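Each chain is listed here by its residues.
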Amino acid sequence: MVIKYLLKLFLVLIFFVSINQSKADFFKDITSLIDNNDFRLSYGVSVTDINQDNKYEFVVTGFGFSNLALSYQNGKLININKNEIFDDAKRKTIGVAACDIDQDGFEEIYFLNTDTYSGEKKYSDRLIDNSSNGFVDLFEKDINKKNLNLTAGRSVVCVDRNGNGKYGIYVANYGGPTRFYEQSSRQIQDLAEQLKINKITGGRAVVAGNILSGKTDIFAANERGKNFLYYNSDGFFQDIAKDYKVDDPFENGRGTTLSDILYRGRLDIITSNWNGYHRAFVLEDNKFKDIATPTYNIPSRIRTVISADFDNDGYDEIFMNNIGEPNKLFKIKENGFFEEINIKNAYEANGLGTGAAVADIDDDGILELLIAHGESGMQPLTMYKADIKKDFNYLRIKPLNKFGAPARGATVILRSNLRKHAKTIDAGSGYLCQMEPVAHYGIREGEKNISIDVIWTNGLLETFNVNELNKTIKIRQK
Amino acid sequence: MREIFNIFCKKFKALKTFFIFLLITFFCFIKPSYSKDFNYYDDLVKDWIKIFPDQNRNAAGPKFFKHILDKEITYQDFIEYNKLYCAVSGSLISPNSRPDFVYLKSAENGEKICGFYHKCCFPCSCDLMKYSQVKNMKYKFSDGEKEFTVLTIKNPCGKKDFPREVNRNYFCNGEVLDNNQVVSIDNRLVIGLLHNSSKCNEQSIAAIDKDEYTGAYCELRNNAPLEQVQGGMGDIFIKMARD
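Residue numbers (the working numbering), protein chains in the order written: chain R, 1 to 478; chain L, 1 to 243.
Hints in this document: simulated from the structure, not taken from any laboratory.
Source: prediction; values computed, not measured.
Just so you know, not all the hints are guaranteed correct.
Claimed, not checked - Short, incomplete list of chain R residues facing chain L, as computed with Cβ under 7 Å:
# : residue
1 : Asp29
2 : Pro294
3 : Ile298
4 : Asn342
What the hints assert, rightly or not - Some chain R residues close to chain L (C-beta under 8 Å, calculated; not the full set):
# : residue
5 : Gln73
6 : Tyr277
7 : Glu340
To be verified - Here are the simulated lysine-lysine pairs, BS3-like style, with alpha carbons at most 25 Å apart:
#  : chain 1 : residue 1 : chain 2 : residue 2
8  : R       : Lys333    : L       : Lys146
9  : R       : Lys474    : R       : Lys55
10 : R       : Lys199    : R       : Lys122
11 : R       : Lys333    : L       : Lys112
12 : L       : Lys146    : R       : Lys344
13 : L       : Lys146    : R       : Lys289
14 : R       : Lys331    : L       : Lys199
In this text, a Cβ means the ideal position worked out from N, Cα and C, and glycines have one as well.
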């Protein structure tokens, strides 16, 4: 009798302890939703609509493993790809970004393959177009073979440099010239030399968006070399990194993203350094100032960095994905204060994080965080979302350009009685990765009078009133 | 005609000599240019025998600090050089090594100051946190005057148990700190630089305390009896730095 009583008491205790623990944690682990989640070497992750069903998929690269297209179907994340070229398990893919390079309203996917650490590589990259014959690699066409990228690289980013919806792809190479691919007369051409951005460096992370010029600028975080900040001047670029004090010559760049650190309606630069100080570059008097302080800037084995509002409280978090050491999460409070949030789920003390991306893949108004692992050991993917118990409100803005394609590189600004909050429509960020092309806002307590500005990639601004929350609003460029 | 030729030759020789003299003077006085491509580590390795003529670098961070400060360099160069030696052990540190986030007491007001310490090994971070205090220092570099935070210990020159493993003559002139060889502030010996320093907040202190090394390991090391202290410099630096 006593034993039975004690056993019951023990079970009740266990129950309450587990409840308390789950309440205490920021994320909940939803990895079990990933179907056939095998041990593998994965790298970059992108979010795009690969089957043109108006829903986004996580595209996960494989390093000697299949590239995956993970679609949310019937409560599971399932690989829906059946195409051999897309799968490409023989090649070693690390970087990925998607954008509409041919102005047909659908995004092509650039897979950056790397079989050497630096310099010349064996296999070219792939540029996948979803044609009527299924996926084709545009680089396999004879007309494009002379322009293959045969240099080891890392990240790729989409750039609508002229603001006309015709995307080019900046390829951050390592130990060889940077490439900038655009399609012209059905031919893929490397314009890097013409645009004077064909510099040789240890290319690592790269982001593109409305940083300074009002159009799409490029920031590249490099290793063993200065960072680049390319100012867009009528579609041509000028490196102003040194003048604007973001060249960071003594650090080795990694995960980078654009974020409105001070909630003032403009994008600043969050960039991290491998075992070096992580930076929060905020524009002040025509110079960027690093406002990162401990514990945010403590050096770590950093890979991907993501800025997003996971818990829908209206303040963005910064997720730092480290490899071989625990991940970290910070909330960006007012005045640029980074408050560290202790996490248990997504902490991944022994995780070999290589890439990560966010998207509201199940369309419930809360972002999912997918983390890829690999490099020094095979590990499965993991997935988390904020464990939100209370009621919340959100707003998701999905700008589409005049061709109907995601307006990657455009800026969305939420205006209300409490903030002016800019977000980029991600053109490529984190490290090797690209987030969903949606500006996701949690709504703050007491927030009202909400309107939305969209600054398109051509620099023009349009304003929209918001009458209804908790939905995704598509905005089409005129 | 021949005379004119001879005069021309003589003048040309004089001109040549003058030109060579100018070149030599230029190269004698030219300063090394520091940039991303400049290898600070190689430069310190090259200077090592000048810094430590008897080749004993034990606990000789102060010698590195003074040597670097005496170079006519920019503030950024000063920062980069100071990442390359361990203030506690005097050992060189490989470039791009990862610093520890630490806190130390301010020698001025007792406040906890947080910052980054480039160390050769973890025990040195522990010894530093326990036995060193920080002070602010100003210095005029080639690009202007800057203020920064330095790591200091009490003047050890009067110690009767000055560790025999350390070359006392590097630091002391009798019982006084030798300012020709080291830098001192208010009779405290400057042993190195605390990078990116700021007043600690609760979040920073918690992060240091919960870290595997600066937290748990240091607590163990810093509470062990001196005779049981192993690793790093053992008890050499501690003997020099303790009260």
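Now for the hints, and whether the structure bears them out:
1. Against a cut-off of 7 Å between C-beta atoms, the interface hint on Asp29/R is violated, since the closest Cβ of chain L lies about 22 Å away.
2. Residue-level restraint check for Pro294/R holds (minimum Cβ-Cβ distance to chain L is 5 Å; threshold 7 Å).
3. The beta carbon of Ile298/R is positioned within 7 Å of a beta carbon in chain L (closest approach about 5 Å), and the interface hint is therefore held.
4. The beta carbon of Asn342/R comes no nearer than 9 Å to any beta carbon in chain L, farther than 7 Å, and the hint placing it at the interface is violated.
5. Interface hint status for Gln73/R: violated, as the beta-carbon distance to the closest one in chain L is roughly 41 Å, over 8 Å.
6. With 8 Å as the threshold, the beta carbon of Tyr277/R comes within range of chain L, its nearest partner Cβ sitting at about 7 Å, so the hint holds.
7. Interface hint at Glu340/R: satisfied, since its Cβ lies 6 Å from the closest Cβ of chain L, which is below the 8 Å cut-off.
8. Between the alpha carbons of Lys333/R and Lys146/L the distance comes to roughly 30 Å, so the proposed pair goes past 25 Å and is violated.
9. Proposed proximity of Lys474/R and Lys55/R is supported: the alpha carbons are some 13 Å apart, at most 25 Å.
10. Between Lys199/R and Lys122/R, the direct Cα distance comes to roughly 21 Å. Compliance with the 25 Å bound is thereby established for this hinted pair.
11. Taking the CA atoms of Lys333/R and Lys112/L, the gap is about 24 Å. The hint holds against a cut of 25 Å.
12. A C-alpha spacing of about 42 Å is found between Lys146/L and Lys344/R, which places the hinted pair above 25 Å, so the restraint is violated.
13. Only pairs whose Cα atoms come within 25 Å are accepted, and Lys146/L paired with Lys289/R is accepted, the gap being roughly 17 Å.
14. Straight-line distance between C-alpha atoms of Lys331/R and Lys199/L comes to about 21 Å, which keeps the hinted pair within the 25 Å bound.
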